[in-house]
Structures are given as structure tokens and as C-alpha cells.
Amino acid sequence: MDQTFLVNVFGSCDRCFKQRALRPVFKKSEQLNYCSLCVEIMAADGLHENETLASLKSEAESLKGKLEEERAKLHDVELHQVAERVEALGQFVMKTRRTLKGHGNKVLCMDWCKDKRRLVSSSQDGKVIVWDSFTTNKEHAVTMPCTWVMACAYAPSGCAIACGGLDNKCSVYPLTFDKNENMAAKKKSVAMHTNYLSACSFTNSDMQILTASGDGTCALWDVESGQLLQSFHGHGADVLCLDLAPSETGNTFVSGGCDKKAMVWDMRSGQCVQAFETHESDINSVRYYPSGDAFASGSDDATCRLYDLRADREVAIYSKESIIFGASSVDFSLSGRLLFAGYNDYTINVWDVLKGSRVSILFGHENRVSTLRVSPDGTAFCSGSWDHTLRVWA
Amino acid sequence: MAASPAPLGGHPRVQRPHLSKMERMVVTMQDPDQGVRMRSQRLLVTVIPHAVNGSDIVEWLMQKYSIAEDEALHLGSLLVQHGYLYPLRDPRRLELRPDETPYRFQTPYFWTSTLWPAAELDYAIYLAKKNIRKQGTLVDHEKEHYHQLHRKINHAWDLVMMQAREQLRAAKQRRKGDRLVIACQEQTYWLVNRPPPGAPSVLEQGPGRGPCTAGRVPMTKTLDFYRREVECLRRALGRARVKSSTCLEAYLKFSSQHGPHDPIMSGCLPSNPWVTDDDAYWAMNAPSVAMPTRLRVEQWAFSFRELLEDPVGRAHFMDFLGQEFSAENLSFWEACEELRHGGQAQVPALVDAVYQQFLAPGAARWVNIDSRTMEQTLAGLTQPHRHVLDDAQRHIYLLMKKDSYPRFLKSDLYRDLRAEAVVPLETKRRVFPFMRKPRHSSPSPALLPASASGEPVGGDGDGET
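Going down the list, the sequences are from chains P and V.
Going left to right, the first sequence walks through residues 1 to 394 as UniProt numbering numbers them.
Going left to right, the second sequence walks through residues 1 to 465 as UniProt numbering numbers them.
Bound-form chain P, shown alone (with noise of 0.2 Å):
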């Protein structure tokens, strides 16, 4: 027959070491002791903790309720209306100029070389390869380790790149024309995330890297030692984009993710300088406006939509009934006037930033847009697909 005792232990409670009568309370799997007193007390934390959870939920709603109406306050006019009595764009005319093909699979990112022309481009079989794509020539190609490669990037001095994807890291190869050197020798790893990366930048040298990931955080690394500088946490899921700022003191950059919010930050500090939520889905892709007051994203929900970080608010949404696939990538031309973007249904559409309308549809990828980057000289642009290739456009 079974029988339950009720022991009562008097000895030195674990929480406030005072002679009490004591109760054994198990956390996880370790007997620990504590009076009637402290127990009372570590149960109303409890609630307390619960609570708490419960009116920050709250709190931060009410607040982005609140924040929503200080925006509208100031908004007194709409971009299309203002500018209206700007000249319509005329008809265009980009076609290919380029198709770069080497890739045996999906073309996921690319990035240009400072020098107009380079460029590297990464895909899901892990081959990192850079071109010469004025004369289509491959210059370089070296084989990650991982498949995937989501991310890669040009090091302003054309020296490195640096690419990474589902290893979930960040890794820096100098280019070199050694025949005798094997380019994967030379590898540093820079960043380590615990999730996919999926977007990666240098800043305005060769000696910092800043990463996105799918573990929902940014960072800011020192590539010779591979040191954290700064973490970045605010988003509530993946982490898919990232732009650095072309301001004039500030360090700032923004992000896009899986929760919808696209965010700016400070570098320095590490906090959330900005957030914006009116997106439908996941953020696929940030860029800012050349004179760094805006930014553009690009989105699953099909639109694309413009920032203004002076006025604090979305100013204005490129939409179409009939585009109703993803928006992966956008840039801007330089003059800021025209929205390059790149759409899961294998269109480019070419966006009047200041108008609203669209101005041009361009075909002739086979598949999924999955990058895009107008260059460094704002004379082309080019698009990477899923169908293996890339394309220069003017």
C-alpha cells in the first residue's frame, strides 16, 4: 500500500538562509529548499514576471498606435501629387547587353566591384565567381564549402570578397592571380551566426563587415580578427536584407526581414534608430535612395514601397494589380528617379520613384529575379536569376 508522508524539514532555507521550516521544490530534476515565506514570494515574481510580459505586449502596441498618429499628423501631402507638375518619363528602352553564363545553378546574389565593371556572383551550388563583365570573362571562382550562398559582396578596394549562406557564416577570400595559390587557402571566416546569413556588406573599407541572418540579428565584425564590434536585435524573425547608409556623419543602415519591419540602426550604439511595419509579408530587399533620406523595399506582398526617414513614414507604395509575385531586389538609378526591381515572376519592372507609375517591363530571365544591382557609375544595371545566368542591362 502506498503511502504519502509529509515530511517536515527544518534547516536552513536556500533563498533567504533563515531556520525555517522548509519545502522541497524541484527545478528541473535539482531538490532545492526554501521556508513557507520565500515561497510565497518566488510564486507572486512569478505572476509578476507573467504580468509583466503580458502589459509590455500591451504597452507596445498602444505605443505603435500612438506613433501611427504622431506620423499622420505631419503628413500633409501625397508623393504622386507633388509630382505632378514634374515632366513624365519618356518611352524606355533597356535591353541586355550582357548575359554572363557559368553557373551551373540558381544565381542567388551579386555585388560590383567599385571599378564599374567587375563583378561577383554567388549561387545555391556554392560557386563564388567573379567576372569581368564588360568582356564576360571570369576572373575567379572559388567553391564553398556550403550550398546556398545567399550573400556575397565586393570589398571597396577589389581586393576580397566575401560571401557566405546556409554554413552560417561570413567568410572574406583576397583575390588573387597566383596561379600557383589556391584562392580557398587564403579564406578567413569572419562572422559566425547561429542561422543562415543571408545578406553581407563592407562598410566603407576592406577592414568591417556587416552581416544579416536568419537567426533574426545583424553584426558589425572586424575582419582581420574576426571580433564582434556590434550586435544588432530587434527583429522578430529572419533577418533577409540590409543597406548601408550613404550619409554624410551618421552611421546608419537599415534592415528587412520575415516580420515585416524594416528598421534603421545606429552603428554605434547598436539600438533601433527607426522602425516601419505597413509591409504585407517578408522584406526581401532595402536600398537607400541616393541622398540617404529614403529607402526603398522590395517585398513578397508584391509592392514595393519608399521611406522617408525625415518625415518618418511610408511615402509612397509601387503596386500594380497585375504584378502579384514577389518583389526579391530593388535599386535605384543614380538620380534617385527610377526603382529598378527584380520579381519572383521573372520581370523586371522599372518604377517612376516620383510618379508611382511603372514605366517599363523588361522580360528575358527564365526564371525568378533573385538580385539586383544598378552599378557603381549608374550606367547599367544587372540581374541574377534563378536561371542560372546574370544580365547587364542599358
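The set of hints was computed from the structure by calculation and includes no laboratory data.
The C-beta atom is built at its ideal place from N, Cα and C for all residues, glycine as well.
Heads up, a few of these hints could be off.
Stated by the list, open to error - Across the chosen pairs, the derived CB separations fall in these ranges:
1. Leu89(P) - Ala421(V): 26 to 32 Å
2. Pro438(V) - Val86(P): 37 to 43 Å
3. Thr136(P) - Ala364(V): 49 to 55 Å
4. Ser269(P) - Pro406(V): 45 to 51 Å
To be verified - A few chain V positions that, by computed beta-carbon distances, are all more than 10 Å from chain P:
5. His18
6. Gln34
7. Ile182
8. Pro207
9. Glu328
10. Leu359
Here the structure of chain P is known, so what remains is to put chain V in place on it, guided by the hints.
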């Protein structure tokens, strides 16, 4: 069909909003009043109702969404590729032909979003049915799949064969027209979910995102997360905001100012290298060219930032500052940039060098910072870090921007530069291919020696031949 919609773990993310949009579109297309014109299609001896022509589909899309024919054809093709429309004749090829080719709308039961992911058991039954009905109708890749499945779900093979026979028997009791339609519907579903090799899979996704994909624990929204969010929101509420009208006017100004400098908008002289295969434009606009073009010199007047970003502009500005005996300001600013963006290991040495050269009392190139900032900076130097000179840098930057820069723009130096600047002649594109210039390669920036310290990083690649 044995399968039921497979539930995703947790609450399912709407990972493919385009599917529901396509479905809405297809429903609108079937509207009896506003939709595409439906006809009955005669196929040999059978008459199939509710069929639509390829050309009617394109026409309808053009009208409804105010788009051109090429876009309508592309959109319609996507609908067919995703299995929302299927061709009645030759159902193997999921493509939209803008002619009399008949199509029908897929039944919602077989919509991608309803019955996804496709169950292996169902595929086995489908292939078995095909095999039984007419030996040898299985295409190569189907045969392969069939054998694979036979190995994999061998234990359930009796069930598979039984189901297949049952379904075939039930189908025989239907009218010929219905049988044909159901066969088409099923075939389309499997063409989308098990595409033949070579055909792109429209259902392919990238690596799983978000917390609710298989095998990933959802990111716990901890106290910290909400605390941070609340803090961020409080800060955001305290921000100074600018009226929309003011901000938006700025875009107009920026676009009109920079429009002529935008090669895609306004072309570029002598020509766009990508169009004419002539890289003269890059040679003329190389980062450290001796004779900058007129447009380039004019751009230095747009903003201080744009002047500094251009190595040639910055060099001339340095000369100008030299004339005014304030060149140390720009040098100091450059040194601060190097500190902020340089390697961690160099920080202590750089900070010390900057102090010795610019900040120490009696320094060779002492910069004139207001006393408060100087005090704070000197105090911070005891613990040197990347951002220790930020405040001082900002102070000097604003000084140059408000004071020296406007004087530079009014100076003789700048006026002369503008007057001497080059305006290239236009080179037309050579029409005949054999007359086009060969595309010159250029030395890779990775081959050039590293720039001397003090020079702005980047822009080393020349593109010059």
C-alpha cells in the same frame, strides 16, 4: 485521392502570397458576367463545356489590368505553369498559346495551395493507374519515380494497386467527357508537383524562412524583445519629424539636379560603354583623372558629401584649404574616417597618431575644435575606441561644410576648374557588328599595388586600358 492537405507545424506562415492572388484572379476569370468568354469545346466526339481560348485569356487580362499583350501573355503563362489553367489538347505542355487552343480552369481541389505538399502515396497511385490503363504510357522520369516509389513504400504496395484499380473502375462508370476532364486535371496537378526533368519547378522555394518551418524552434518573444521594442518605440515617439511637403519637395529637387548625371536617364558622353562597347567613358571618368569632365565638376557643387566622395574633387578642395591655411581640417577628418572604418588592431596606434598630429597642445597641425568637444575628446582618449573621435570629426566636418565649402564654390580655383572641364563628344553606336570596337579588358584592382596610407580607400580600379 488518399491525401489530405498536409498541415504545417505550428501556425502556417503564408509563405507564398502569390498563390492566393492567382487563385483570386482565376476565380474572377470564371465570373459568368465579367469573366473570360466560355465556350464548349469539341474534342473528337466529346463536347467539353466551360472551355476558354488562349487568345481570349490574353485579351481578358489585357483589358482587366490595362497591360500590353506581352505582359498579358506572360501572366497567363504563369497561371498555366502553376496549374490553375490546363490545356485540353496536349496536356503535357503547360504553356499558354494565344490562339484557339482550348483551356479549362483547374478545379480548386487540385489547387497548389489546397493539396500541398503532394503526397508520395498519391503519386504512386497515379503512376500505377497510368501503368495499368495502358502499359508503357509512363514516360522515362515517371518510370524512374515508379520504381523508386515501389522500393520505398513496398509495404503499402498492395494498398496502392488496390486504390489504383478502384479508381480506374470508378472512372469507367463516368461519362467520357468527365473522364477526360478528370484525367487532364490530375495530369496537370502532377506536372506541376512532379515536373519532368528540364522543366522548371514553379513550386521550388529557397531555404526555409521564419520560425514555423520544419525543424526550427520559433524565436521566443522574450521579455527582452518586448522591452527593446518598447524602448525603441518610445525613442521613436520622441523623434523630430518633418512635414511631408518639405521632404517630398526634396526628392523633386534631387532628381532634377541629378537627372543629367544619371546615365540611364540622360545618357552619357561620349557613350555608354555597355551600349557601344567603347570604354572611353570610364577612362575619362577614372577616379584620379587629370582632366575631369564638366558634369563631374558641376556635381561638386551639389553637396559637400559629393565633393568629398570624389577623389579629384577632394584633392582640389584640399588645395583650396591649403590656400586658406586650414588644410589640417580635411586631413583630420580623413584620419578620423580611417579610424572609424579601419581594423580593430590599428585603433590604439591611430588614435595616438591623430592625437600627436592634430589634438595635442602645440601639435604640428592643430585643429580648432570648440573647447567643450576638445575636453570630451581628450578625456575619451584614455580609453581609445573606434568612435572616440566621432564628436570631434563631426564638429570639423560641419565647420568645413558651413564655412570653407561655400567659399570654395565661389573661389577662382573652382571657377577655373569648371571652365577648363572637358565636355566629351558623343560617339554613336556602330551599327555594323564587324565595325564595333573590341571590348578591352582592364587590369583588375586586385593586381594593383595597395594605395598609400592617407589616400581614400576604394576607387582603385581604373577601367583604363
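For this session: Could you work out which earlier hints the structure fails to respect and list their numbers in ascending sequence?
Result: 4, 5, 8
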